[in-house]
Amino acid sequence: MAERAALEELVRLQGERVRGLKQQKASAEQIEEEVAKLLKLKAQLGPDEGKQKFVLKTPKGTRDYSPRQMAIREKVFDVIISCFKRHGAEVIDTPVFELKETLTGKYGEDSKLIYDLKDQGGELLSLRYDLTVPFARYLAMNKLTNIKRYHIAKVYRRDNPAMTRGRYREFYQCDFDIAGQFDPMIPDAECLKIMCEILSSLQIGDFLVKVNDRRILDGMFAICGVPDSKFRTICSSVDKLDKVSWEEVKNEMVGEKGLTPEVADHIGDYVQQHGGVSLVEQLLQDPKLSQNKQALEGLEDLKLLFEYLTLFGIADKISFDLSLARGLDYYTGVIYEAVLLQTPVRPGEEPLGVGSVAAGGRYDGLALEEKVRTTETQVLVASAQKRLLEERLKLVSELWDAGIKAELLYKKNPKLLNQLQYCEEAGIPLVAIIGEQELKDGVIKLRSVASREEVDVRREDLVEEIKRRTSPALCIC
Amino acid sequence: MAERAALEELVRLQGERVRGLKQQKASAEQIEEEVAKLLKLKAQLGPDEGKQKFVLKTPKGTRDYSPRQMAIREKVFDVIISCFKRHGAEVIDTPVFELKETLTGKYGEDSKLIYDLKDQGGELLSLRYDLTVPFARYLAMNKLTNIKRYHIAKVYRRDNPAMTRGRYREFYQCDFDIAGQFDPMIPDAECLKIMCEILSSLQIGDFLVKVNDRRILDGMFAICGVPDSKFRTICSSVDKLDKVSWEEVKNEMVGEKGLTPEVADHIGDYVQQHGGVSLVEQLLQDPKLSQNKQALEGLEDLKLLFEYLTLFGIADKISFDLSLARGLDYYTGVIYEAVLLQTPVRPGEEPLGVGSVAAGGRYDGLVGMFDPKGRKVPCVGLSIGVERIFSIVEQRLEALEEKVRTTETQVLVASAQKRLLEERLKLVSELWDAGIKAELLYKKNPKLLNQLQYCEEAGIPLVAIIGEQELKDGVIKLRSVASREEVDVRREDLVEEIKRRTSPALCIC
Chain A
3 MAERAALEEL VRLQGERVRG LKQQKASAEQ IEEEVAKLLK LKAQLGPDEG KQKFVLKTPK
63 GTRDYSPRQM AIREKVFDVI ISCFKRHGAE VIDTPVFELK ETLTGKYGED SKLIYDLKDQ
123 GGELLSLRYD LTVPFARYLA MNKLTNIKRY HIAKVYRRDN PAMTRGRYRE FYQCDFDIAG
183 QFDPMIPDAE CLKIMCEILS SLQIGDFLVK VNDRRILDGM FAICGVPDSK FRTICSSVDK
243 LDKVSWEEVK NEMVGEKGLT PEVADHIGDY VQQHGGVSLV EQLLQDPKLS QNKQALEGLE
303 DLKLLFEYLT LFGIADKISF DLSLARGLDY YTGVIYEAVL LQTPVRPGEE PLGVGSVAAG
363 GRYDGLALEE KVRTTETQVL VASAQKRLLE ERLKLVSELW DAGIKAELLY KKNPKLLNQL
423 QYCEEAGIPL VAIIGEQELK DGVIKLRSVA SREEVDVRRE DLVEEIKRRT SPALCIC
Chain B
12 MAERAALEEL VRLQGERVRG LKQQKASAEQ IEEEVAKLLK LKAQLGPDEG KQKFVLKTPK
72 GTRDYSPRQM AIREKVFDVI ISCFKRHGAE VIDTPVFELK ETLTGKYGED SKLIYDLKDQ
132 GGELLSLRYD LTVPFARYLA MNKLTNIKRY HIAKVYRRDN PAMTRGRYRE FYQCDFDIAG
192 QFDPMIPDAE CLKIMCEILS SLQIGDFLVK VNDRRILDGM FAICGVPDSK FRTICSSVDK
252 LDKVSWEEVK NEMVGEKGLT PEVADHIGDY VQQHGGVSLV EQLLQDPKLS QNKQALEGLE
312 DLKLLFEYLT LFGIADKISF DLSLARGLDY YTGVIYEAVL LQTPVRPGEE PLGVGSVAAG
372 GRYDGLVGMF DPKGRKVPCV GLSIGVERIF SIVEQRLEAL EEKVRTTETQ VLVASAQKRL
432 LEERLKLVSE LWDAGIKAEL LYKKNPKLLN QLQYCEEAGI PLVAIIGEQE LKDGVIKLRS
492 VASREEVDVR REDLVEEIKR RTSPALCIC
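Top line first, the protein sequences correspond to chains A and B. First residue of the first sequence? That's 3 in this note's numbering, and the numbers climb one at a time after it. First residue of the second sequence? That's 12 in this note's numbering, and the numbers climb one at a time after it.
Quick caveat, the hints were computed from the structure, so don't treat them as lab data. From a predicted model like this one, the values you see are computed outputs, not experimental measurements. Heads up, a few of these hints could be off.
[Claimed, not checked] Straight-line distance between alpha carbons at most 30 angstroms, and here's what the computed DSSO-like set of lysine-lysine pairs gives:
| # | chain 1 | residue 1 | chain 2 | residue 2 |
| --- | --- | --- | --- | --- |
| 1 | A | K417 | A | K259 |
| 2 | B | K437 | A | K319 |
| 3 | A | K102 | B | K36 |
| 4 | B | K510 | A | K145 |
| 5 | A | K62 | B | K129 |
| 6 | B | K129 | A | K24 |
| 7 | B | K510 | A | K150 |
| 8 | B | K129 | A | K39 |
| 9 | A | K120 | B | K123 |
| 10 | B | K123 | B | K86 |
| 11 | A | K305 | B | K455 |
| 12 | A | K305 | B | K36 |
| 13 | B | K33 | A | K319 |
| 14 | A | K59 | B | K123 |
| 15 | B | K159 | A | K102 |
| 16 | A | K59 | A | K156 |
| 17 | A | K102 | B | K71 |
| 18 | B | K36 | A | K156 |
| 19 | B | K384 | A | K87 |
| 20 | B | K458 | A | K156 |
| 21 | A | K24 | B | K154 |
| 22 | A | K62 | B | K159 |
| 23 | B | K154 | A | K44 |
| 24 | A | K145 | B | K111 |
| 25 | A | K42 | B | K111 |
| 26 | A | K120 | B | K455 |
| 27 | A | K27 | B | K454 |
| 28 | B | K86 | A | K87 |
| 29 | B | K384 | A | K156 |
| 30 | A | K114 | B | K123 |
| 31 | B | K154 | A | K156 |
Make the full structure from the sequences, and use the hints.
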């Protein structure tokens, strides 16, 4: 009895120790160590028979809305919805979960943050991560070619919530999207007009809308010397410039992501710039950037956009910012993000660091087409440099001899980009890329068209690897 | 290659085996065992690269809401919410998932229908099955002793959806509950009053509210000889009487749940009865039932309830029905369920079998299960099954061929000639800034006819047409889509004119 009492006292003290460490924000390892000790002590106490554990909390990263919070929420939604309606948008709703495959491969680095449902013998499901992919699925499913819609609903992300900083694992998104083929930049301008109308009506302080373009970013990366396959990951690094210093971003790009310091510096020259339409005009004169076709397209579109924004009376709220990169894979054109300039402060309190309050962009490639493939080609044999036709012919012949369905472009020196694009259009899942260095090393670069990941495969293993990755999996949902 | 093909075949066969077992309603353990085998086989198959199948469907038992369905949904919610507000209710919201432990042990036989989230190294979570358990958790967490609240949100149940019958795995519930220690049956009566007000306002046809009491059921089971431990499971069987025959229910009670035929028959004598307050009085005279303390309590409370319902003017819609059992474990007193009497039929079509549209009851012990000190907070409430109501309203509108607008746009800003995009952008921006709901076509040089057609399809009542001559004169041509009449309006008067013509009081478009 005395032993038990002593043990219980130890448990109590250890529990306080753990709480203390958490309050002092001790290191994660130290906290974990002390928690482990606590669990061991508790285990020694044995089963707690008479003590029924009461679970009085919402899951990590989630919260209830009290009546007071609901009243505030209703006011905010009223402002937002009346703006959407004012612009002629319809409204839709979708299920809280999607088939896992619908979400897979759409979020790049963020995929690990998706909540999966347990496999209970039926379809594999995941909670929606945003409202954009469900929207694309809705469009394709209903064979819609144009719609202007808004959707207000909660989305789910398993990241590390810091709840006082306004970040949750379950949170509302209010999306507005225009789908359809229209004359350029008019819908894009309306989106920015809506963003400004809403933020003004909510009266939460001054704000700024940063604007950039994925094509300008990609063109800039290209002329700075960033390898194709690193574009998206370098985007993620550049995007952090609003929160951390250039030195930190440069370190990440060089130290973790494998860029040379020269390339990183070259990027730095561009991404630290921001301004109005005059910056657009200045870059249109930039000798290197203006030679890049993608960047040029982006700059011309931004120029047109600024004309419309002026007519809409909001140009003074817009800043062309070359460091705006936005992690998501699916943006293809203009991208934008609104930030509050002056976070509201109660006298004597620390400013609430809330940062970005709205964001968006153009995403032309996301529409999920019901792919009725007209061929069964498993792999395209491609070349990364010139004068490799002979090698391509040899390799494709080897693959055919091994029973692999393969193709190659009927061009002596095709551009890699064109070969990749061919795969996307035809629905070919893999590319076997021959390069000079790889030939010397005895490997082939095998690239997945969907995920854009590349891996070096030894030539003698290539057939097996292609077979493994492309064998038809049966769907037995 | 051959190995993989063989593996795939095994997976396919195992999948069929699992489906077969589920259809035959094999035991849960057996199904689980075979599912585990299936998952192991699937895991051996590895990642599936080449299959670029874009899956264009929502998960089983779920659906999207199109703009048209959303417009209907908004109308229905407006009726329901205005009724809740009229009775002084506050509103709350809770997360879509709860800690698994919160939901465990609260739903009895229905527990197998809960969606679990995958164990990804953190807390074990499950999707909420209803809004009642989250409510009890909210009360205990915030140490509330009384509140009158409504909550409208989707809930999740993994049962077998028959989607044409209006049953889904993801569906809306509209809950209203009163928590707190009050004088008996007044809150219970208000819940029934709210239920009747809502169902009347929705105009979905005649309805009936069946009422019973958990104590009467338990008392009845006791005097019929049902073992204590079988009360809840026999409840589930009895509850099926509204869908299947007494013979089937009796077979289940005897064949599957182990009652003797005599006990089953004895139950049958009671549960096939229903009526008004006179049935309550009759049972209060029943020699066996009135000897049972529980049943007596229940009957006395129902008598009091009927008095209040008469004062509320709804007694004629209420039927005391002894077969109403309601599967959920947590009810402790009065229980009720509203059913539609005449499902609306389009000429020549089969009636839509929709059944129950609302239900609820008293659950005094639920909050106590969450409170560390076991403090009890008595609760009574109701839940409106709106999904079924959506389909009924949808059908009704289709039958009447009523057009449902999916936007609220008041005016389209159009141009009569080319090269007027700039002017359209300026004007539409002025209208938005003045709070007018306006649109323009995303075309630099749209044809006037196309712009007018767009208005007809979308139901937009007015067009503000910009023309070169009009610009010089400082006017905009305002056209009524319905009447096709056009009038020149000075630019500075345009906003006022649009408001006047589209204000809800007057409809003179």
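Against the structure, the hints:
| no. | hint | result |
| --- | --- | --- |
| 1 | K417/A - K259/A | holds (25 angstroms) |
| 2 | K437/B - K319/A | holds (17 angstroms) |
| 3 | K102/A - K36/B | holds (27 angstroms) |
| 4 | K510/B - K145/A | violated (36 angstroms) |
| 5 | K62/A - K129/B | holds (15 angstroms) |
| 6 | K129/B - K24/A | holds (27 angstroms) |
| 7 | K510/B - K150/A | holds (24 angstroms) |
| 8 | K129/B - K39/A | holds (27 angstroms) |
| 9 | K120/A - K123/B | holds (13 angstroms) |
| 10 | K123/B - K86/B | violated (34 angstroms) |
| 11 | K305/A - K455/B | holds (16 angstroms) |
| 12 | K305/A - K36/B | violated (65 angstroms) |
| 13 | K33/B - K319/A | violated (60 angstroms) |
| 14 | K59/A - K123/B | holds (23 angstroms) |
| 15 | K159/B - K102/A | violated (39 angstroms) |
| 16 | K59/A - K156/A | holds (19 angstroms) |
| 17 | K102/A - K71/B | holds (13 angstroms) |
| 18 | K36/B - K156/A | violated (36 angstroms) |
| 19 | K384/B - K87/A | violated (50 angstroms) |
| 20 | K458/B - K156/A | violated (40 angstroms) |
| 21 | K24/A - K154/B | holds (26 angstroms) |
| 22 | K62/A - K159/B | holds (27 angstroms) |
| 23 | K154/B - K44/A | holds (28 angstroms) |
| 24 | K145/A - K111/B | violated (39 angstroms) |
| 25 | K42/A - K111/B | holds (24 angstroms) |
| 26 | K120/A - K455/B | violated (51 angstroms) |
| 27 | K27/A - K454/B | violated (57 angstroms) |
| 28 | K86/B - K87/A | holds (16 angstroms) |
| 29 | K384/B - K156/A | violated (34 angstroms) |
| 30 | K114/A - K123/B | holds (28 angstroms) |
| 31 | K154/B - K156/A | holds (27 angstroms) |
Checked against the numbered hints above, the structure breaks hints 4, 10, 12, 13, 15, 18, 19, 20, 24, 26, 27 and 29 and satisfies the rest.
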